[in-house]
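There are 2 protein chains.
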Amino acid sequence: MQSFLALRAAIEADRLTAEAAVAQSLEEIAAREAQIGAFEALAPRDAALAAAARAGGPLAGIALGVKDIFDTHDLPTTYGSPVFAGHRPPVDAAVVAMARSAGATVVGKTVTTEYAFLQPGRTVNPHDPAHTPGGSSSGSAAAVAAGMIPAAIGTQTGGSVIRPASFCGVAGYKPSFRLVPATGMKTFSWSLDTVGFFAAGVADVAAFAAALTGRPLAVEPVDAPALRIGVYRGAIWQRASAAMRDAVERAAALAEAAGAQLAAADEPEALAAAREAHATVQNHEAARALAGDFALHAARLSPVLRETLEAGFAIAPEAYDRARALARRGRHIAGTLFADHDVLIAPAAPGAAPAGLETTGDPLFNKLWTLTGNPCVAVPGLTDAAGLPLGVQVIARFGRDRTALSVAHWLEGLLAAPARPATAVNSP
Amino acid sequence: MQSFLALRAAIEADRLTAEAAVAQSLEEIAAREAQIGAFEALAPRDAALAAAARAGGPLAGIALGVKDIFDTHDLPTTYGSPVFAGHRPPVDAAVVAMARSAGATVVGKTVTTEYAFLQPGRTVNPHDPAHTPGGSSSGSAAAVAAGMIPAAIGTQTGGSVIRPASFCGVAGYKPSFRLVPATGMKTFSWSLDTVGFFAAGVADVAAFAAALTGRPLAVEPVDAPALRIGVYRGAIWQRASAAMRDAVERAAALAEAAGAQLAAADEPEALAAAREAHATVQNHEAARALAGDFALHAARLSPVLRETLEAGFAIAPEAYDRARALARRGRHIAGTLFADHDVLIAPAAPGAAPAGLETTGDPLFNKLWTLTGNPCVAVPGLTDAAGLPLGVQVIARFGRDRTALSVAHWLEGLLAAPARPATAVNSP
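Line by line, the protein sequences give chains A and B.
The first sequence runs 1 to 428 under this note's numbering.
The second sequence runs 1001 to 1428 under this note's numbering.
The set of hints was computed from the structure by calculation and includes no laboratory data.
Heads up, some of the hints might be wrong.
Covered stretches of chain B (in silico footprint by chain A; criterion: 3 or more residues with CB under 8 Å from a CB of chain A, positions within the stretch not fixed) [as the list claims (entries may be wrong)]:
#1 1007-1020
#2 1052-1064
#3 1081-1092
#4 1375-1385
#5 1402-1410
Selected chain B positions facing chain A (in silico; Cβ < 7 Å) [to be verified]:
#6 Ala1047
#7 Ala1097
#8 Met1098
The C-beta atom is built at its ideal place from N, Cα and C for all residues, glycine as well.
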C-alpha cells in the first residue's frame, strides 16, 4: 500500500516532487484497476499531472480517490445510479474543494453502491476477488487496499466506512458527526450521512484528515497505564464470527499486556434500542431526501432501493419522531458510557468479507455509532485463517476524534508487533 | 391576498377546480409581477395548468412559489447568482418534490438574494415599492403579500423567513430545525439553514405546512387563561424602532386583556452569547460549504459574499468549536426558558421595511432563534404610521411548532379585532 505519511515525508524532504508522487499513483492504478474495478471515472493523466505540478499545501502530491457520491465539477458524478450517467455538477462538493485547496489531486471517482445504499457496484476485494470489498464506499476502500492511491474519501450512513475498511484491511476513520461537511454529497439521510476517510494505516488517515480539515487530529503517543478501554461485546456480540470475536479479544489481551486498563463494557439498553431505531430514521429521511429522484426515476432504481423508499415514505412522522427520541437518548447514554472508558473496542464488521459480490455485507456493528455520531476508527492488522482482513473498531466520546485515532494507532502497533500471537484460525 | 384555506375550502366543496384555482393565481401574477419583481422564473402557463389539472392531494390547486435557492428539475435554478444562470438541476429538492407529490403546482421560482445571503435581488415591497421586501426570501414573501400566490417556500439562515414576512405583512413560519428537509437547497450553513413557509395568514401557513409534511400542525383553539406568554425584550430591545416596540407591547396588552398570563422574560446571558456566536458558526460553515463555488467563481461573487467567505475561511476550527459550544449552551438555556413560558413574543424585525433596495434589512431579532432551532411565527396585522407592516414574532419550545402556530393565530385574531387600538403612530 502507499503510505500517506511516507509520501508526504519524501515530498517535504524534496526527495520526490508532487507531480512524481501522483505519477507513481497513476502507474499503480494503470497496473491494478482492471482487476479491482475501484474507479467509476478517472481524471485524464495530463490533467492530473498538471494539477499536481501546480499544487501546494499539505496534500500536494496526494492522489486522492473521491467516492462517486460527491459532486465534482470536472469529473462525471453518477451517485452509483444509471439515472445520473454523465451527470456533471456545476461545482465541487465541500470536502472535495477543501481537499483540492489543500493541494490534493483528485485522480478519480471511486465506485459507490447505488445512492450509497445497498445495491453493489463492480469493485472486488483486493485480498480475494471472489469477495466483496464492502460498501457503500467500495471503491475508496479497495483503491487504497490495492495500493493504487494513498488516501480516499468515503461516507457512512450505516457502516459504509468502517465495514469496507475492515473487509479490505485498511484504516478507516468516521469522524464525529458533522466534523467534515457533507455539502455536495448526494443526501440519503441528513441525520446520519457522515464523511469519512481511508488510508493505509491509522497514522496515515489521521494525518490526511488533519491536513484536510486544519484540525489537530494527528496521532499522539498513548499513556498506556492511564488508558481505560471498554470491550464492548454488546447485545449483538454473538452475531460476529468466531474469528472476529477472537480478533477483538486478541486486541484486548495485547492492550492489557501493554499496560492499559481493560474492562467489559456492557451495552446499556438505551443503546440497543437506539441501534434498532437506525432504520426508521434512515428510511424515513431517505424517502423524503430522494422524493425528487423517486418521482422522476422510480423505474430506474434498484428494487431494494425502490422498496426501501416506498417503505420509508410510509413511516409516519410520529414513528420517525419516536425513533429520533431513541437516538437522542442513545447519544446521551453513549456519553455516560465514556465516563468509565476512554475508548471502546468492538468488531468493525460481523466478520471477514463475505464471498460473492451480490451484497456488500452487514452494517450491524456500525449503525449504532453512526446514529450517535461518535468517532470510530477501523484498525487493520489481523486476518482470518483464509488471510482475509478483520478490523477492530475503536470508538471514542463525541468530539474526541484524536483520542480514537491515537488509541487506534497504538493498538495497530500492538497488532503488528513481531511478538503477536498467530491470527485466529477458527474462521466460520 | 389569496387565502390558502379559502382556496382549499372552495376546491373541496367543488366550487372551484384545481386548474381554475391555479389559473386565478396566474392571472394575479400576470397583473402584478411587472411591478413587484417577485419571480426569477415562471413556469409556462400551459404546463402549470396541465399540472394543476392532473393534481390530487391536499395541495391540489395551490399555485406555489419556490425560493430560487431550491433545485427544480423543470425550472432554472440560479441560487440568486449569475454563476448559475440557466442551471437546471437533475432532480427537485426534497421539499419541492414533497409539495408536488401533495398536489401543489410550482408556478415559479421566487427571487432570492445571492446564495440566500445579503446581496439583494430586484423584488420590491408590495406595500411601497421604494422599500425592501426583506430577504433573503424576498420574492416568496412579496409574491404572497401582493396576492399573486397563496403559499411560498423560503429559507432562514439568519432571519430570512420571519423578517421578510414582517416587512411584507404576511404570515411567516420557520419550523423547528430539520422538521422539513433542506436537501436540494444550496447550502450556506448546515447548522442553520432552515426551510420555512409564507402564506396570507397564520392559519393558512399552518395548514399549508401540515399538508406538505403530513404533520399535525393545523392551528388549534387557545385556552387563554392557561396560556403563559413571556415578553422577550432581550438585550437588543432598544435596537427595535419605537413603532416595533409599541407593536409588541400592544400585542402583549391585547393578549393580557384576552385572559392570558403575561410576564417579562429576561434574556439569559447564555442566549445573548449564543446570538453573538451566530456569525462565527454561519461564516465558518459558509466558507467550507461554498469552497467549490469560491474556487471556481470568486470573481463573480458579490463583494459582500466574497469577503464573508474569505473571513469565514480564516475562522479556525477552535473558534468555530467555541461558537458551537455557545450554541449548544443556548439551546439548553432556551429549553429552560420555556419551563416558565409557553411562548415568547418579540419583534419580528427591528422595525418596518427600510427605505431603499440596497439592503434587505437586519436579521438581529431572528438569528438567535435560527441558531437554537426553535419554531418561530411572524404574526401580521399591525402597521406603522406610514402603513408599512410590523410583524410580531412568536417563539415556542423546540418541537412545539403547533403551539407556536396556534398562539400566533390567536394573537393574529386579537390584532385584527374591530376593537383594536389604533396602530402605532410614532414611527422612527
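Here is how each hint holds up against the structure:
1. 1007-1020: violated (count 0)
2. 1052-1064: violated (count 0)
3. 1081-1092: holds (count 6)
4. 1375-1385: violated (count 0)
5. 1402-1410: violated (count 0)
6. Ala1047: violated, 15 Å
7. Ala1097: holds, 4 Å
8. Met1098: Holds. Min distance 5 Å.
Comparing the model with each numbered hint stated earlier shows that hints 1, 2, 4, 5, 6 do not hold.
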